[in-house]
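The listed protein sequences correspond, in order, to chains A and B. Residue numbering for the first sequence follows my numbering, starting at 1 and increasing by one per position. Residue numbering for the second sequence follows my numbering, starting at 1 and increasing by one per position.
Don't read these hints as lab results, they were simulated from the structure. Among the hints, erroneous ones may be present.
Unchecked claim - Calculated lysine-lysine pairs in the BS3-like style (CA-CA distance at most 27 Å, straight line):
#1 A:Lys131 <-> B:Lys18
#2 A:Lys484 <-> A:Lys496
#3 B:Lys55 <-> A:Lys230
#4 B:Lys55 <-> A:Lys167
#5 A:Lys495 <-> A:Lys484
#6 A:Lys49 <-> B:Lys219
#7 B:Lys363 <-> A:Lys56
#8 A:Lys367 <-> A:Lys353
#9 A:Lys49 <-> B:Lys363
#10 B:Lys75 <-> B:Lys85
#11 B:Lys55 <-> A:Lys56
#12 B:Lys18 <-> A:Lys230
#13 A:Lys56 <-> B:Lys85
Quick caveat, the model's predicted, so the values are computed rather than measured.
The residues making up each chain are set out below.
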Amino acid sequence: MKKSGKILYDADPGRAFYEGRDAFLKAALEAVSQQFSLDGASFYEYEEKTGLLRLKHRCAAGVSFEHEENLRPVPGSAAARAIETLKAAVSKSPGGSFLYSPFRFDYCDPAGGRSVIPCFGLVRLERSPRKRRFSPAETARADAYLRSFLRDYYKAEFFSLYRKYDKNVAAITELTEVFATALRVRDSFRHILSGIQTYFGFDRVRLYLIDEKNRKLKGELSADIRGQIKSIAYEEIPLEPGAHRFADIVLGRSSGAFMERYKDCVLYMPMAVQGVTIGLLIVDNLLSQQRIEPEELAMLKSFGGQIALAVDNSRLFDKVEELSLYDELTKLPLRRYFNQRFQEEFYRAERFKQPLALIWADIDFFKEVNDTYGHQIGDKVLKETGRLILSNLRKIDFPCRYGGDEIIILLPQATGAEATRLAQRLSQELAELRIPVPFSKTRELRVTMSIGISTFPADASTQDALLEKADDALYWVKSHGRGKISLYSDVAEEKKKAEQAGGSNNAVK
Amino acid sequence: MIIWLLSDYDHRKHLAFKSLLTRFSAAFPSAQAEFSVKSRHSLWESLFAHLRDPKRNPLADIIEIPQNWTELFSKLGLLADISSKIEALAQRRYPEFILKELCHEDARAFSAPWWLEAPALFYRAQALKGAVSDPETELASWEGFRAALDRVGAGARRGNFRALSVPGSSGSVSVADVLPRVWGRRGGLFSDDFNRATFTREETAGGIEDWLELAVSGKIELFSPDRFENGPRTPEECAFMISSRKIQGSGRIGLKMLPYPGYPSGGGLMLVYNLAVSASSRVPDEAQAFVSWAMEPRNVAPFTESFGVFPCLKPVFEEHLRDERESDVYRRLFSAPELKPNIMVYPTAELLLERALWNLSLKIARRDYEREDLTRELIMAQGEADYLLSLY
Numbered sequence: 001m002k003k004s005g006k007i008l009y010d011a012d013p014g015r016a017f018y019e020g021r022d023a024f025l026k027a028a029l030e031a032v033s034q035q036f037s038l039d040g041a042s043f044y045e046y047e048e049k050t051g052l053l054r055l056k057h058r059c060a061a062g063v064s065f066e067h068e069e070n071l072r073p074v075p076g077s078a079a080a081r082a083i084e085t086l087k088a089a090v091s092k093s094p095g096g097s098f099l100y101s102p103f104r105f106d107y108c109d110p111a112g113g114r115s116v117i118p119c120f121g122l123v124r125l126e127r128s129p130r131k132r133r134f135s136p137a138e139t140a141r142a143d144a145y146l147r148s149f150l151r152d153y154y155k156a157e158f159f160s161l162y163r164k165y166d167k168n169v170a171a172i173t174e175l176t177e178v179f180a181t182a183l184r185v186r187d188s189f190r191h192i193l194s195g196i197q198t199y200f201g202f203d204r205v206r207l208y209l210i211d212e213k214n215r216k217l218k219g220e221l222s223a224d225i226r227g228q229i230k231s232i233a234y235e236e237i238p239l240e241p242g243a244h245r246f247a248d249i250v251l252g253r254s255s256g257a258f259m260e261r262y263k264d265c266v267l268y269m270p271m272a273v274q275g276v277t278i279g280l281l282i283v284d285n286l287l288s289q290q291r292i293e294p295e296e297l298a299m300l301k302s303f304g305g306q307i308a309l310a311v312d313n314s315r316l317f318d319k320v321e322e323l324s325l326y327d328e329l330t331k332l333p334l335r336r337y338f339n340q341r342f343q344e345e346f347y348r349a350e351r352f353k354q355p356l357a358l359i360w361a362d363i364d365f366f367k368e369v370n371d372t373y374g375h376q377i378g379d380k381v382l383k384e385t386g387r388l389i390l391s392n393l394r395k396i397d398f399p400c401r402y403g404g405d406e407i408i409i410l411l412p413q414a415t416g417a418e419a420t421r422l423a424q425r426l427s428q429e430l431a432e433l434r435i436p437v438p439f440s441k442t443r444e445l446r447v448t449m450s451i452g453i454s455t456f457p458a459d460a461s462t463q464d465a466l467l468e469k470a471d472d473a474l475y476w477v478k479s480h481g482r483g484k485i486s487l488y489s490d491v492a493e494e495k496k497k498a499e500q501a502g503g504s505n506n507a508v509k
Numbered sequence: 001m002i003i004w005l006l007s008d009y010d011h012r013k014h015l016a017f018k019s020l021l022t023r024f025s026a027a028f029p030s031a032q033a034e035f036s037v038k039s040r041h042s043l044w045e046s047l048f049a050h051l052r053d054p055k056r057n058p059l060a061d062i063i064e065i066p067q068n069w070t071e072l073f074s075k076l077g078l079l080a081d082i083s084s085k086i087e088a089l090a091q092r093r094y095p096e097f098i099l100k101e102l103c104h105e106d107a108r109a110f111s112a113p114w115w116l117e118a119p120a121l122f123y124r125a126q127a128l129k130g131a132v133s134d135p136e137t138e139l140a141s142w143e144g145f146r147a148a149l150d151r152v153g154a155g156a157r158r159g160n161f162r163a164l165s166v167p168g169s170s171g172s173v174s175v176a177d178v179l180p181r182v183w184g185r186r187g188g189l190f191s192d193d194f195n196r197a198t199f200t201r202e203e204t205a206g207g208i209e210d211w212l213e214l215a216v217s218g219k220i221e222l223f224s225p226d227r228f229e230n231g232p233r234t235p236e237e238c239a240f241m242i243s244s245r246k247i248q249g250s251g252r253i254g255l256k257m258l259p260y261p262g263y264p265s266g267g268g269l270m271l272v273y274n275l276a277v278s279a280s281s282r283v284p285d286e287a288q289a290f291v292s293w294a295m296e297p298r299n300v301a302p303f304t305e306s307f308g309v310f311p312c313l314k315p316v317f318e319e320h321l322r323d324e325r326e327s328d329v330y331r332r333l334f335s336a337p338e339l340k341p342n343i344m345v346y347p348t349a350e351l352l353l354e355r356a357l358w359n360l361s362l363k364i365a366r367r368d369y370e371r372e373d374l375t376r377e378l379i380m381a382q383g384e385a386d387y388l389l390s391l392y
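Pulled out of the complex, with its shape left as it was, chain B reads as follows:
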């Protein structure tokens, strides 16, 4: 049995999975399981390569996917219907906001929600001294956060200190970076009825522009040479961090948490990752058994805890929320959560936006970026997304 795991910037996820698999092998000695870690891009390519030439490009038996890839790849026939095979799915033991995007047309489900993360703002109270007097109020809006960044940055440019750190960054501005802010401005990639793309809508383009502005103004460093040489900044070296993960030892270093700027009352975009069983698996029973086993509270809890995310399974999710140090903030975050729409063309639309952001990132890094570049890139990406909508 082969498992494809999505690569993560936090290496602890890979190690946690390795340990999970070791425990599975110990519990089921007859089951032969191994895993490989694939980047998002490589996983996407492998899934399409299988569609093009299934014999030469076999799929793994179990695949970890972003939840909003489910519709696309189930419609393309790559994922097996596991709704009745996985106990957690059959009994719908997930929070309602997750179930809502799980399956559309019928009760069938082609992937099982596994873990989720919620983008949030972290700050070191000590680093904000003199710049922010009431973080809860001043950092509630994006504008407040942005002004605070300027004040913090101006007063403390020394050594390795940075005003803002984004641990999950891939070097360029990515869709994962901009979407929480786009959501914060009530934007999105498609209209509510999914009849047209809305990349250029003021709320969407504005959300993207807000994040790009951080790069243009140097608040975040694109393709960071410093990161290549020294790795990501530690929380002690930053005033703010935007992260969707719980930060280890945050209490010890005086790190506090707030909802993502622009969501004063909480809510916002959550990112969910699911496990799917491939339709072409030669060991479907074994694969389903593993997914069921991985979803069990005693297995999913330590796995998610190890890299600072939440389990999707409702009882474990609620237990985590109860025990969380920043449980008040998390309760606000999870008060009105939204997931990326699980429609067939959404993953492709993200790729179109990713390409636009890559081009813009290169321009920003070369210092020849202008506002019109964003408009032009978004118009082109929107045109392609609209065309896709007309086809699929």
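Pulled out of the complex, with its shape left as it was, chain A reads as follows:
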């Protein structure tokens, strides 16, 4: 393990480089204690607003330690004089001899901002009552010695700020890339959250998105300080004024709607794209109670637009993908998607030696429906058929609008008999369906379906063969009066019988 507080280059005051503030304080107090035969040395920061001296570090009896104590110097005392005049002062009391060496320097923000960061305080050197007091010459020497050390403090402070700034620049570069490449919802939300978590290191980051349809703010994901990401889909907040603090923020009814800070530790950031709020990002340091630094707030704010765009983009991407895979009219997957799933299901059936049934259905006289009643009515028929199919399937079944009025349904782990039962149910429900046709005499339209079924492994051993056999069975139905259901095995049997009879039956080719 790397030793913290180790001097990296040089122990001489004014020319050393320390790994952080604590390392500097330890080295400075130990060095001055040794150099001037002290019994104790303490480093205090001075807070002008409250007039308090805040003990940060102390070295006594050869041990350096951090300590917290907030005390006020007696007005007119040596310590108060040192702070006021920024000149070293000494005092003697029954407790011993003391030398106060003040320091004050302001340094510019390395990020190039206009802000100046002040550093104000004093170092107290102590000698026990038995020892000699600090002479003027020794006071001057000790003060000069400490001042040369404090140049290193300046460097250490500046360096730590620079490191922070450097980290922020890296964050900007890498987060921009994360947000720009975030495409798929499932992955991109994770990327966005873990990106924020990695570079800002909040206790938690939570993402909520608006569900416009249901007027709700829905939880998506939460990332914790350990980088663990979990779903918060169980969180649903009605998007109504007064329903919840989050809802008020999103609705712009909370003060400082865009960036609202809650006690320094929480930041609520509504996300908007082109003026429309799409969600809410919440970051907090509630567990650690550590203040979210103003520069972090500013940077996150500047990322707000990008985060919102990334979130919106990924949602749009999913929408586009959905449109390219699903038929908008019937809500059934399209042929391209079916081909992919068919392959997967076929492999699975082969590997696990499970049955796989395929239903090929065709709406009877669909062309005539279109020609007679128009495409609007035809579309209604398709839409209702799609709805009816989707409402009758198991979760593992996979339907598809194969083209025109042809529909295929994959039934994993289903036998021919099970597929037939489903086909019968679909046929029956479709036959009971009444499509309103306001301009026709009958005022309504009824439709039927012809259905052919094939099964793996009974009827076919390959994908193409399975499709072909279902098509054959469908053709048999269509050429034998429509509105019926045929299993390929039955059709093959019929064909065999016909051939044996030496007839010229051409039903199955």
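Using the hints, position chain B against chain A.
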């Protein structure tokens, strides 16, 4: 091997640890060990800094923590399970009241209890002459103690004399100051089922107010300039001291001890400090070996004795109790001891209360404190603690 030790107002603790480590190095010359002393605030920051960026902010191999930080940092994955590695833990050689808060869900333990302290009241019989005739009875209740403070203060304001001294004070009123009194009024930061924060409950707010009143009435001096110039008052300069440490030479200066006011029959809040091995330690065996070694009676006894606290290890604890000059009072103190709950959000809740107390301390020091300020601060802190409970 790096060790982070919690900073203490009594510098003797740091020196005692240095000596302990010197003995360890002599016993195990191949083990390279060094320590740094971190303030509570800095330790908290370092642990979270490690969570945020482990590479840039490595943890020490061994960390001293308040016992009620164990649940939080073990759940955050920073502490190693040492239940089977430390003999004292494996054999559960601790008093029952300590074991009770050691681990919750299972038999695993992520820190080993090391030392404990018990807040108590000390008084100089000579300074109470004419003000308190029967200390044992009159100082048993908080009201009795408070009235005695007034009588002592009124009669003896001279030189450096102070009626009350609190050696562990950080300058402002802190959680460590108020919690023993809160416990004394049977209050607490959370309800018994830990479903809600109870900062504003009468018992809790009342306990805090009792202590703040000492500051408002000038019985304790906040941000004491005198302390900055002269250091803490010696026992000879005070009538009363509230301290959780045994006071060196108390017999010589006529200092006597009583249970914390409000606990006439003893019991109350005990503060326990544990040693933990970090989960990311590169030398876990060495670290566990050190913790085991530090827990051995011959090592823990002189360490704790040096700064006036009790060892947690049961046989040594009992031996200390037997040999103690004020053993009767200590027996009463340890008759019904309670520890701060070891739940995940408790340390954060303490920070919330600490912030509220800091704001109130500044107001008291500026002399513009009003009772409503306390109510407002506690309501805000309670709201945040409740919210935390809903999250973790």
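Okay, the hints, checked on the actual structure:
1. A:Lys131 <-> B:Lys18: holds (25 Å)
2. A:Lys484 <-> A:Lys496: Given that 27 Å is the threshold and the Cα spacing comes to 20 Å, the pair holds.
3. B:Lys55 <-> A:Lys230: Given that 27 Å is the threshold and the Cα spacing comes to 24 Å, the pair holds.
4. B:Lys55 <-> A:Lys167: holds (13 Å)
5. A:Lys495 <-> A:Lys484: holds (17 Å)
6. A:Lys49 <-> B:Lys219: holds (25 Å)
7. B:Lys363 <-> A:Lys56: Roughly 23 Å between the alpha carbons, so the hint for lysine 363 (chain B) and lysine 56 (chain A) holds.
8. A:Lys367 <-> A:Lys353: This hinted pair is violated, its Cα atoms lying about 40 Å apart.
9. A:Lys49 <-> B:Lys363: Answer holds: lysine 49 (chain A) to lysine 363 (chain B) is near 13 Å, not above 27 Å.
10. B:Lys75 <-> B:Lys85: Satisfied, since the Cα-Cα distance of roughly 19 Å is no more than 27 Å.
11. B:Lys55 <-> A:Lys56: Since the Cα atoms of lysine 55 (chain B) and lysine 56 (chain A) sit roughly 25 Å apart, the hinted pair holds (cutoff 27 Å).
12. B:Lys18 <-> A:Lys230: Outside the cut-off at roughly 45 Å; violated.
13. A:Lys56 <-> B:Lys85: Since the Cα atoms of lysine 56 (chain A) and lysine 85 (chain B) sit roughly 36 Å apart, the hinted pair is violated (cutoff 27 Å).
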